[in-house]
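In my numbering, the protein residues as written are 1 to 599.
Derived by calculation from the structure, the hints in this document are not laboratory data.
Treat the hints with caution; some may be incorrect.
Result set (DSSO-like, lysine-lysine): computed pairs, CA atoms no more than 27 angstroms apart in a straight line [claimed, not checked]:
#1 Lys155 <-> Lys357
#2 Lys286 <-> Lys394
#3 Lys143 <-> Lys208
#4 Lys394 <-> Lys411
#5 Lys179 <-> Lys195
Derived DEER-like restraints, expressed as beta-carbon distance ranges [what the hints assert, rightly or not]:
#6 Asn345 <-> Tyr453: 28 to 36 angstroms
#7 Met444 <-> Thr124: 49 to 57 angstroms
#8 Leu463 <-> Met276: 43 to 51 angstroms
Source: prediction; values computed, not measured.
Think of the CB as a built atom: it goes at the ideal place given N, C-alpha and C, for glycine as much as any other residue.
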Amino acid sequence: MKCISCLEHYESDDAGTCKECYEEANETEEELKREIDDLKAKVAFLRITRSLPTSFSDVVLVASEDASAGSPVPVPAHKAVLVSRSPVFKAMLENEMEESLSGTIKISDVSYDALRAFVSYLYTAEVCLDEDMACNLLVLAEKYQVQHLKVHCEKFLVSKLNWENSVLSYTFAHQHNAKHIIDSALTLITDNMDKLTTREEYVELVEKDPRLVVEIYEAYLSKQVNTAAQKDSSLRFAFVFDHPLGRMRRQRFICKSCEGSSDGHGVGMYCKGCYMELKDKIEFLKLCSPSPTTSTTTSLAASFSDVVLIALDSDNCSSEPPLPVQAHKAVLVNRSPVFRAMLENEEMEESRSGTVKIADVRYDALQAFVNYLYSAETCLNQNLACDLLILAEKYQVQHLKHYCQKFLVSKLNWDNALTTYTFACCHNAEDIMDAALEVITDNMDKLTTQLEYVNLVEKDPQLVIKIYETYLSKQVNTAACRNPSVRRDSSSGSGIGGGSSDGGGSGNVSSWCDPFLSWREADRCADFLVAICSLGGLFVWFVCVLVSKVGLEPFSLCVCAPFLFFYFFIFCALLVWAFVVLVLIGNETYLLSGKKNKK
1 MKCISCLEHY ESDDAGTCKE CYEEANETEE ELKREIDDLK AKVAFLRITR
51 SLPTSFSDVV LVASEDASAG SPVPVPAHKA VLVSRSPVFK AMLENEMEES
101 LSGTIKISDV SYDALRAFVS YLYTAEVCLD EDMACNLLVL AEKYQVQHLK
151 VHCEKFLVSK LNWENSVLSY TFAHQHNAKH IIDSALTLIT DNMDKLTTRE
201 EYVELVEKDP RLVVEIYEAY LSKQVNTAAQ KDSSLRFAFV FDHPLGRMRR
251 QRFICKSCEG SSDGHGVGMY CKGCYMELKD KIEFLKLCSP SPTTSTTTSL
301 AASFSDVVLI ALDSDNCSSE PPLPVQAHKA VLVNRSPVFR AMLENEEMEE
351 SRSGTVKIAD VRYDALQAFV NYLYSAETCL NQNLACDLLI LAEKYQVQHL
401 KHYCQKFLVS KLNWDNALTT YTFACCHNAE DIMDAALEVI TDNMDKLTTQ
451 LEYVNLVEKD PQLVIKIYET YLSKQVNTAA CRNPSVRRDS SSGSGIGGGS
501 SDGGGSGNVS SWCDPFLSWR EADRCADFLV AICSLGGLFV WFVCVLVSKV
551 GLEPFSLCVC APFLFFYFFI FCALLVWAFV VLVLIGNETY LLSGKKNKK
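Assemble the whole structure, with the sequences as input and the hints as a guide.
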């Protein structure tokens with residue numbers, strides 16, 4: 001039969017996927033899984049916490065629907081976030097309109113709960129929905145052109161569609177141009193046309209907007225015509241179902257992200273929809289201008305900024321004052337716990353002055369650092385990645401640190417391995433350290449000829465020792481795995497080089513490749529324990545026979561006592577000997593196991 005993926009022939013009774021294609025699909029799935037995990041981490045990084053809007057807010061939104069019940073409760077927010085998420089807010093707040101001057105935006109015909117949920121979504125791209133809340137948020141999303149929220153609400157309302165609410169949902173969707181809801185509601189209505197005219201909502205719709213009723217009938221008629229055409233053409237495609245591929249075995253797969261299921265032949269455990277949804281969420285959460293102009297994140301940081309960062313580069317000999325990088329306290333506080341402690345504490349100089357001075361950093365690196373805090377994106381090269389990793393470590397921006405480590409690992413080669421290794425050790429970058437050690441130990445014959453090696457021996461010999469220890473450990477492991485009979489000689493020291501290459505020594509207690517006892521040693525211990533138990537049983541039997549023969553008279557016991565004592569002494573000595581041997585073997589096994597774990 002033919003493989004359904006590569007169309008190559010293979011030996012099987014049924015059609016399916018060949019081994020090569022299956023393995024390739026598995027690799028693709030693993031790669032997709034890693035990408036999805038990275039996207040989820042980026043979403044978590046870009047999301048601004050719900051509790052943040054109360055701090056450093058420079059604008060409030062008021063729901064006018066609650067004005068009749070008394071003073072409405074304002075919802076605090078940040079102009080930078082609103083401008084980034086909505087082109088309507090952008091036009092409103094960047095011009096000298098009343099809302100921009102007063103710092104208050106009044107929104108009519110909306111409840112406080114809906115407005116609060118709307119603002120929360122602008123910060124986190126998350127919201128807890130029910131049908132009423134979804135309708136209210138869809139109205140707000142359409143009004144302020146927040147397309148990401150509108151699509152989210154449409155998907156939720158489509159999932160809640162049924163015959164009871166289909167007509168009302170269809171009417172609501174037409175009012176707010178929700179195409180996904182319109183199509184789904186029309187399909188549901190046309191599938192139940194025999195019950196349509198009995199609905200009270202249908203009678204009201206005929207009176208209020210008969211054009212929508214005409215559209216329903218047109219959709220029903222079109223569906224009927226298409227169904228009839230498909231029935232007429234069924235004979236033309238009948239041969240497809242007689243083809244062997246028509247009887248292919250199918251499996252049901254469940255997406256690990258959305259838990260949706262689908263039928264297919266591949267190994268797809270992550271659906272494309274979830275991947276694209278994460279990509280869309282990242283685009284929404286980036287703090288950059290939503291309008292199709294050429295404005296960048298930097299221009300956003302310049303608008304409504306309330307803090308500046310200054311790079312104090314010790315290598316810059318210019319007499320000109322350093323250029324400031326503008327930002328927002330709300331963003332810095334959300335991205336970095338160090339900035340949070342610095343800017344939320346009114347006793348700190350940075351919080352009072354609105355200026356954060358950062359030593360030993362170039363202006364370009366600082367600008368790229370701030371840009372990453374807003375967008376989780378930056379264009380890296382070797383030097384910039386090192387500078388950003390230092391800043392990420394200093395301000396505890398773990399997402400950026402991980403991103404820089406991945407880049408530097410991808411650029412590792414023999415020419416930069418020693419320099420990168422030294423840098424990684426200085427900044428506790430374990431991923432880079434391990435990768436650099438791997439490159440170095442694979443090229444030990446060229447190590448001592450490197451100028452960086454000579455400098456490293458003078459500056460930090462401990463790092464050089466670590467290289468040699470890693471290399472020696474790697475050599476021992478390689479030799480042991482090639483020769484499984486290698487055992488460690490008990491007469492040698494506990495150092496790495498104390499192993500014996502002959503497999504038959506009496507002092508061998510454990511394999512270098514296996515931290516546990518070998519099968520041969522386990523058999524010997526088991527035989528020894530069986531012998532001890534047998535000896536103990538024989539002793540008990542001897543005592544019982546002796547007592548039954550001679551009785552318990554004092555004279556008889558005195559005569560037999562030496563024999564009993566001698567026998568008992570031999571038994572105890574053997575038992576102690578067995579215990580000591582087992583303890584020594586266990587201790588040796590533990591040492592070898594710990595040494596392997598350290599490697």
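Checked hints:
1. Lys155 <-> Lys357: 46 angstroms, violated
2. Lys286 <-> Lys394: 23 angstroms, holds
3. Lys143 <-> Lys208: 23 angstroms, holds
4. Lys394 <-> Lys411: Judged against 27 angstroms, a Cα distance of about 23 angstroms means the pair holds.
5. Lys179 <-> Lys195: 24 angstroms, holds
6. Asn345 <-> Tyr453: 28 to 36 angstroms: About 46 angstroms separates the Cβ atoms of Asn345 and Tyr453, which means 28 to 36 angstroms is violated.
7. Met444 <-> Thr124: 49 to 57 angstroms: 51 angstroms, holds
8. Leu463 <-> Met276: 43 to 51 angstroms: Holds, since Leu463 and Met276 (Cβ atoms, about 45 angstroms apart) stay within the stated range.
When held up to the earlier numbered hints, the structure conflicts with 1 and 6 and fits the remainder.
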